[in-house]
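Undergrad: Go ahead and model the full structure; you've got the sequences and the hints to work with.
There are 4 protein chains.
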Amino acid sequence: MTIRIGIVGVSGYGGGEVLRLAATHPHFRVTYVAGESSAGAKLVEKFPGLPARLGDLIIQKWDPAELAEVDLLFASLPTGESKASLAAVDAGIKIVDIGGDHRYASGWTYGLADVWPDEICNGSRIANPGCYPSASLLAIAPLIAAKLIDPADIIIDAKSGVSGAGRGGGSTFGYAEVNEDVSAYGLLKHAHLPEMNATVSRLAGKASSLIFTPHLIPMTRGILATVYAKGTASTEACLDAARTFYKDRPFVRVTEKPPHTKWALGTNLAFVSYAADPARNLVMALCAIDNLGKGAAGQAIQNANLMCGLNETTGLEGTALWP
Amino acid sequence: MTIRIGIVGVSGYGGGEVLRLAATHPHFRVTYVAGESSAGAKLVEKFPGLPARLGDLIIQKWDPAELAEVDLLFASLPTGESKASLAAVDAGIKIVDIGGDHRYASGWTYGLADVWPDEICNGSRIANPGCYPSASLLAIAPLIAAKLIDPADIIIDAKSGVSGAGRGGGSTFGYAEVNEDVSAYGLLKHAHLPEMNATVSRLAGKASSLIFTPHLIPMTRGILATVYAKGTASTEACLDAARTFYKDRPFVRVTEKPPHTKWALGTNLAFVSYAADPARNLVMALCAIDNLGKGAAGQAIQNANLMCGLNETTGLEGTALWP
Amino acid sequence: MTIRIGIVGVSGYGGGEVLRLAATHPHFRVTYVAGESSAGAKLVEKFPGLPARLGDLIIQKWDPAELAEVDLLFASLPTGESKASLAAVDAGIKIVDIGGDHRYASGWTYGLADVWPDEICNGSRIANPGCYPSASLLAIAPLIAAKLIDPADIIIDAKSGVSGAGRGGGSTFGYAEVNEDVSAYGLLKHAHLPEMNATVSRLAGKASSLIFTPHLIPMTRGILATVYAKGTASTEACLDAARTFYKDRPFVRVTEKPPHTKWALGTNLAFVSYAADPARNLVMALCAIDNLGKGAAGQAIQNANLMCGLNETTGLEGTALWP
Amino acid sequence: MTIRIGIVGVSGYGGGEVLRLAATHPHFRVTYVAGESSAGAKLVEKFPGLPARLGDLIIQKWDPAELAEVDLLFASLPTGESKASLAAVDAGIKIVDIGGDHRYASGWTYGLADVWPDEICNGSRIANPGCYPSASLLAIAPLIAAKLIDPADIIIDAKSGVSGAGRGGGSTFGYAEVNEDVSAYGLLKHAHLPEMNATVSRLAGKASSLIFTPHLIPMTRGILATVYAKGTASTEACLDAARTFYKDRPFVRVTEKPPHTKWALGTNLAFVSYAADPARNLVMALCAIDNLGKGAAGQAIQNANLMCGLNETTGLEGTALWP
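Residue numbers (the numbering used here), protein chains in the order written: chain A, 1 to 323; chain B, 1 to 323; chain C, 1 to 323; chain D, 1 to 323.
Keep in mind that the hints were calculated from the coordinates and are not lab data. Just to be clear, a hint being listed does not mean it is correct.
Distance condition first, Cα-Cα at most 30 Å in a straight line; then the derived DSS-like pairs of lysine-lysine [to be verified]:
#	chain 1	residue 1	chain 2	residue 2
1	B	K42	D	K247
2	B	K189	C	K42
3	A	K257	C	K46
4	A	K83	A	K46
5	B	K189	A	K257
6	B	K257	D	K46
7	B	K247	D	K46
8	C	K189	D	K147
9	B	K206	B	K147
10	D	K61	B	K46
11	A	K230	B	K147
12	A	K230	B	K61
13	D	K206	D	K247
14	D	K46	C	K206
15	B	K206	A	K230
16	D	K189	A	K42
17	A	K206	B	K230
18	D	K257	B	K42
19	A	K247	C	K46
20	A	K147	B	K189
21	B	K206	B	K247
22	D	K206	C	K230
23	D	K257	B	K61
24	D	K46	A	K189
25	A	K46	C	K257
26	D	K257	C	K189
27	A	K257	C	K257
28	B	K42	C	K189
29	A	K83	A	K189
30	D	K230	B	K257
All of these numbers come straight from a predicted model, not from anything done at the bench.
TA: Right, dumping it as structure tokens:
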């Protein structure tokens, strides 16, 4: 089976990672690529290591009417830019939207692939979760589902590499200013909060009000979410809940040691771990991912596999770069 | 006035930073340096940019009996190694112990210089706070003192550069493995917890039981402490409490924006900020420092200044390296 | 066809990269892994993202007598440690030695896979080139072969990431000391010089005496070789010579722009480029690789493919991580 | 003596470093700051750690007519922007131009402070050398002056941190793309070549035609120049020539080991070293500096000191940050 793939936003970090993964996917053939800043160039000019069959593709100016030769479209556009243009895509073309416009939007399935894979199998319009939500929700979903923590009192302290901010951004994300620096931002009001609250509420069956603090740290890829919640379960009970919850889910690994983001570098893996102090009514949950893998393109490929009836690990078997 | 300075552990990161600061201090003259690994070498072999008057000093094998020509000793030794040897130092020699052996120990003053400067002025044996406690306590001290947060329910999520681990450590702290990685460690049981709890309890007048999670991030210097506490004060009330608490304290800056560790790079400064959501009973406190500055050598010099009757900013006027 | 693979030195960076590549190789099945520091542990403890079939392997204490179930052995041992032990390996087991002991040694084929693939096809004992020689030689081989530069007057200025030094090394390779630093080392006497001179002499048909300066720069992976040679060919003539020389060689890309090491990150690719100033009798050659890819494990897999009669790109199709 | 200082381009990296150094200079009082992007803001908004006396200064929109209260002006403007505006500055105001517009321009003294300090003492318009020329020329000046190398055959391979490119620059200098990357650029035609050739020619008394290759490496600050030249002097003869040439020059250190840029971090120091192979007619020269120190603001302050009749080390006594 060959599925013809289109990628919109291919010159961004998320789109580029979809391209990297699609390039070695045994059932995907990339036939259409589009990008604003690099339209007209050959793909090899942006990605000099591509094999010729891909490198010779011309980057198009994005136009939903040009997609006749595509079976499945990955869209990785800045927030606000995918709503209108993706509405114009032919209904017969499957879409995974990596951007933020369609999460919990009507007509779209929220693609948290390790939690609700069955829904994705039946979808044709998948809204890929944000990078922070991917890490945060995978950490706490088992605890919420098993009622081991209180959904009304959860604090998520997340640390992200710089590629999460996308390309551009000027000197704020320049090497000279990011190196040797860490800071928090968006205190108490990050754009990813609604989809996180919606997901926790759905899992818990009641309202959720998360505290979420993102931090920018000097690395290119990776997110670590450190979660503090209320509960009296033991460490072992939390680990067991996660082992049960993620049983047979191929991309989530439950570890006894606190996970490192480097364990996930370049992969679609998520590593979750737990530590509890019942005497203090405290449960800690941790999750490490590659923000461009599980947090964007990896999960997007997984969602595409599910939609296409493929084994969800197809093309995602690579293990982490180390060191 | 010239004060003759000795530095034990000069080839470590903390001791090296004391040397850097002492080198341009107008009243300090370094006359004795000791270090285990580099004994016998000239100081310039370890620190190639030193002026000749310092560079020609020979690094000694540490021996408390050799300190005749020293008025004030900075000790920066691994945990467990300073207790016995510092006990043998002549009582007439002032000591600042940067290591961990004497914090809240009998006969020693806890040197949290921006909170209790007067006690330090009267001391001759100062236990310099740890790097994590320095950042964490400066963030919350004003809120504890003003009773704006509950000392029984405080979570500290801290991010540190690698120099905090000291030299050595093998590949765990090697560039290849630290770059592109973040992880938590020492969950629920870090060695710095006792001094933090002791300090909060003293400020609050009642027992404290902090949750503390340290993280290693890929940078050389810097600690950011992100604190979550219970309270109904507004953001502005928290900022005001800090402005009042740190009024006339020269090294603590209260900022409205979340602070960056780079603002403190190479200095003894601490930047604190606050954000609150009274409706959710939440107060956030942040503090950014240089772990080798305010978190070690900078505060040590400040403590030495206080003990010697100098203006506490003497020799600490340098502003941050940027970028 | 399934080839049973052994990896000695699996807990080092080179051995670990062989494992990563072998894990997704369609004809390789890893059946034996050995490592000094981690013997007795399950592989998953060192590489937490491995699939279970690999992760459950126990790391053995290296013993050449235990290799009954292995068809092909990758050895990645410190210099001096492979000579004796590999001599004891059964002659029926193919070997690729990534370490430095057998380069241009009797009974071993020098595995510069992009230059002399045919010899490797016929070998059973392959000495994988060093990381610096891989980058340096791929840059200049086409010019030497086409007699466009003088083999007696070549200067190679190379810049390497830290993983080239292997694990261990203490604070010299620690993040705190490597970050924000660059230096040259081993001036005029690096261990890789003999194999480089031997290769250039063989290509040129006369003696060579290279000048080679390695530099350590703050990154984990990657080598860039910048070469200065004497010759009056134009830039275009040099590019053409390389295009001809590497025609049909799948892993070497000739580019008009100066190459970036990041183009090769995680791959077995080499990017070469040229710039000349005939009026000044100057030819510049550049080559960018991943030191653990083309510079070690990638080329080792390529050599193994050649020895086993496989297409040499098998298992090496992955494109570079970006960013 | 108090000298009133103006800084134009204060929000750039070079201008910001002048501010940092001027802030603790005992004879300088900053009274005027100007910057394009941040005009109207208080200085403390850009540099949060400044003491109040400086932090309260308002960043002006640059206007040469407003400089009445200034004795000495540091200009750090993009290439092409200082020529016209500095011509409008009152002749009574001394100027150090850190930008590139006035190097070897009529009416301006080339401020290579460690080589020709006397000329600077007599100047009032100083063109500060570029960062690459500062490192390169300090390496080779002693060899040229002593006629130990041939000025017609010199290759300079330089490695620079990212801050040398200034602020802005978009994703090309973004952390995500610079981290884990090294590349050469501007092959055979860098903008700094004319001032380097002019300086070498002047020192040698005959024409020079340097080969110069800059490289961008993943660090914020620092330049290492590795120079290859023709000559038959011994290593020791080269070191001696440098020791003689830089006798009593306070900022240049001649070292036997290859220098590290980190030795110079945050300082105005330059470290030079040499290695020779007379049998091969080869002399290597190395120089490590902080590109914002000796390569920009540090040398600018040194030039200002010389012009003002101060000891040239005034305000530049700080030793390097380590690690």
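Undergrad: Taking the hints in turn, state whether each one holds.
TA: Each hint tested on the structure:
Restraint check for K42/B and K247/D: satisfied, since their Cα atoms lie roughly 21 Å apart, inside the 30 Å limit. Restraint check for K189/B and K42/C: satisfied, since their Cα atoms lie roughly 27 Å apart, inside the 30 Å limit. Between the alpha carbons of K257/A and K46/C the distance comes to roughly 12 Å, so the proposed pair stays at or under 30 Å and holds. For the proposed pair K83/A and K46/A, the alpha carbon gap of about 26 Å is at most 30 Å, so the pair holds.
For a cut-off of 30 Å, the pair hint linking K189/B to K257/A stands: about 14 Å separates their Cα positions. About 12 Å separates the Cα atoms of K257/B and K46/D, which keeps this hinted pair within 30 Å; it holds. A hinted pair counts as satisfied when its Cα atoms are at most 30 Å apart, and K247/B with K46/D qualifies at roughly 22 Å. A hinted pair counts as satisfied when its Cα atoms are at most 30 Å apart, and K189/C with K147/D qualifies at roughly 26 Å.
Using a Cα cut-off of 30 Å, the hinted pair K206/B and K147/B holds, with the two alpha carbons roughly 11 Å apart. Taking the CA atoms of K61/D and K46/B, the gap is near 45 Å; set against the 30 Å cutoff, the hint is violated. Distance restraint check for K230/A and K147/B: the Cα-Cα separation of roughly 23 Å lies within the 30 Å cut-off, and the hinted pair is therefore satisfied. With a CA separation close to 51 Å, the supplied pair K230/A and K61/B exceeds the 30 Å bound.
Restraint check for K206/D and K247/D: the C-alpha separation of about 25 Å stays at or below 30 Å, so the hint holds. For the proposed pair K46/D and K206/C, the alpha carbon gap of about 61 Å is over 30 Å, so the pair is violated. The hinted pair formed by K206/B and K230/A meets the criterion: a straight-line CA distance of about 23 Å does not exceed 30 Å. At roughly 27 Å between alpha-carbon atoms, K189/D and K42/A fall within 30 Å of each other, so this suggested pair holds.
Proposed proximity of K206/A and K230/B is supported: the alpha carbons are some 23 Å apart, at most 30 Å. Between K257/D and K42/B, the direct Cα distance comes to roughly 15 Å. Compliance with the 30 Å bound is thereby established for this hinted pair. Restraint check for K247/A and K46/C: the C-alpha separation of about 22 Å stays at or below 30 Å, so the hint holds. A hinted pair counts as satisfied when its Cα atoms are at most 30 Å apart, and K147/A with K189/B qualifies at roughly 26 Å.
With a CA separation close to 25 Å, the supplied pair K206/B and K247/B stays within the 30 Å bound. Straight-line distance between C-alpha atoms of K206/D and K230/C comes to about 23 Å, which keeps the hinted pair within the 30 Å bound. Proximity of K257/D to K61/B is assessed by CA-CA distance (about 25 Å); at most 30 Å being required, the pair is judged to hold. For the suggested pair K46/D and K189/A, the alpha carbons sit about 24 Å apart, so the restraint of at most 30 Å is met.
For the suggested pair K46/A and K257/C, the alpha carbons sit about 12 Å apart, so the restraint of at most 30 Å is met. Simply put, K257/D and K189/C have alpha-carbon atoms about 14 Å apart, close enough for the 30 Å limit, and the pair holds. A threshold of 30 Å between alpha carbons decides the hint, and for K257/A with K257/C the separation of about 45 Å lies outside it, so the pair is violated. With a CA separation close to 27 Å, the supplied pair K42/B and K189/C stays within the 30 Å bound.
For the suggested pair K83/A and K189/A, the alpha carbons sit about 22 Å apart, so the restraint of at most 30 Å is met. Of the pairs offered as hints, the one joining K230/D and K257/B is violated, with about 56 Å between alpha carbons and a cut-off of 30 Å exceeded.
Checked against the numbered hints above, the structure violates hints 10, 12, 14, 27 and 30; every other hint is satisfied.
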